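Here are the chains, one letter per residue:
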Amino acid sequence: MRTILIVLFTLAGFSVAQAHAFLDHASPRVGSTGPAPGQVELWMTEDLEPAFTRVKVFDAQNQEVDNKDARISGSTMIVSLPKLAPGTYLVKWSAVATDTHHTTGTFKFTVQ
Amino acid sequence: MILVALPFFMLVTCAPAGSGGARPAYPALGAKMIRGLWFALAVEAVSGIIWFWLVTAQMNDASPGAVLDAADWGTVLGQTQFGQLWLWRAAVGFLLGVTLFLRSRGKGAGFPPQLGSWLSLVFSAALLGMLAWSGHAAAGTHFRALHVFVDAMHLLLGSVWPVGLIPFCFFLRHVEKSNGVQPGAAEGEVLRRFSDLSLLAVAGLVATGIINSWLMIGSWEALVTTPYGRLLLGKIGAVGLMVVLGGFNRLYLLPRVRSGLPLFRLLRQTVLAESCLALVVLLIVAVMGMTPPPS
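As you go down the protein sequences, you meet chains S and A in turn.
Residue 11 in my numbering sits at position 11 of the first sequence, and the numbers go up by one each step.
Count along the second sequence from 1, add 1000, and you get the number used in my numbering.
Keep in mind the hints are simulated off the structure, nothing from the lab.
Don't take each hint at face value.
[Stated by the list, open to error] On the chain A side, residues computed to face chain S include the following (Cβ under 8 Å):
(1) M1059
(2) G1135
(3) G1140
(4) F1143
Since we're looking at a predicted model, the values are computed, not measured.
Each residue gets a CB set at the ideal place from its N, CA and C atoms; glycine is no exception.
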C-alpha cells in the first residue's frame, strides 16, 4: 500500500496543465479575398517550437507555391510568397507549442 | 510531489520535536523516509524517461515505436524548451541522488545528515517547481512570469498539503506502534505543527488556485460549460471535503487528543480518509493535465 501511494504521489507532479497552440488570427485573413500578399503570417495562441512547426501555401492544383523560407518566432509563423496569380490558395500549418502539444490546421484565401 | 513532501515533513514538521535540530527527530522513521525518497526518485527517473519518449513521439506526430533513433531524441533535447527543461531536471535529479547517497553514508563521509536532508529538500523542490515550465503557463502569451510562478507555488504547496498527508500517515502509524494509542507531548507538538502548516498551505493553495483558474479559464461561464471547468469544479468539491475533514481534525480531535482523550485512532482514520480524497483530487488533476483549458 505504501509503495502504491509513493508511486501515485510521485507521478502526480507530472500533471501540469497542457494546452494547445491554435490559430488566433492570420494575414491575409482567413477566407479573405484581396490583392496578392507578399507573405502569409499566422499568430498562434501559444509560443511555438521552431524545430517542429511548419507552414506551407498550396495553389488549386495542390502545388506548394511559397518560397520555403518559413520563419518561426515566439507565437508567430511567417512564410514569404512569390507574386501570386489570381485564384484560391490553401495554407496548411502544423504547430508544436512549447508545452509539447501538436496541432494542425488549414485555411484558404483568394487572390483577385 | 512526494519527493518534496517526505523531506519537508521530517525537517520542518518533525524536527522541532527532536533535540533542537542537533540530531534528526525520529531516526527510525527518518530511515524509512530516506528509503521512500530513494524509491520515489527511482520512479521519477523511470517515468521521466518514458515521459521524454512519449513527448518526442507526440512532437513528431508519430507512434512511440517510430521515434527510437538518436536524431529524434537529439532534436528534442537540443532544440526545444521541453528538452532543455528535461536536461535541467535530469541534472537536479542526479544531484538529489548524490545527496541521498552521501546522506545515507552519514557522518562517516564527512556529510552531516541534517545538511543532506536540507539539500534533499532543496533539490526535490527544484525538481518539482521546474515542472511549471513544461505546461501551459510557460507556453502562454499573457502573464507568463506570473503564471509560471503561481503554477510552481501551487505544486510546492500541494506537497505540504495534501501530499504531506502521506508522511503524516506514516508518522501516525509510527506513533501508534511506539507509544500505543496515546501520543506523548513531543508527538502532540508534531500534530499541532502539521495542522498549522496544512492551514497555511491550504490558504496558499486557494490563493494560487484562484489566480491559476483566472488565467486558465478566463470566465465564470467556462467553469460550467467546458470539460476543463467542470473538472476544476470537481477538484474544488473534493478539496472542500478534505478541508472539512481537516477542520474537524484541527478543531475537534486535535485538542482532545493532546489533552489525553483516547481519540488517536479516530484521528488516524480521518487522516487516512483525507489521504484517499487526496488521491481522488490527484486523479482529477491528472485528467485536467490532458484537457485543454478554455483560455
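Okay, the hints, checked on the actual structure:
no.	hint	verdict
1	M1059	holds (5 Å)
2	G1135	holds (3 Å)
3	G1140	holds (6 Å)
4	F1143	violated (13 Å)
The earlier numbered hint that this structure contradicts is number 4, and it is the only one.
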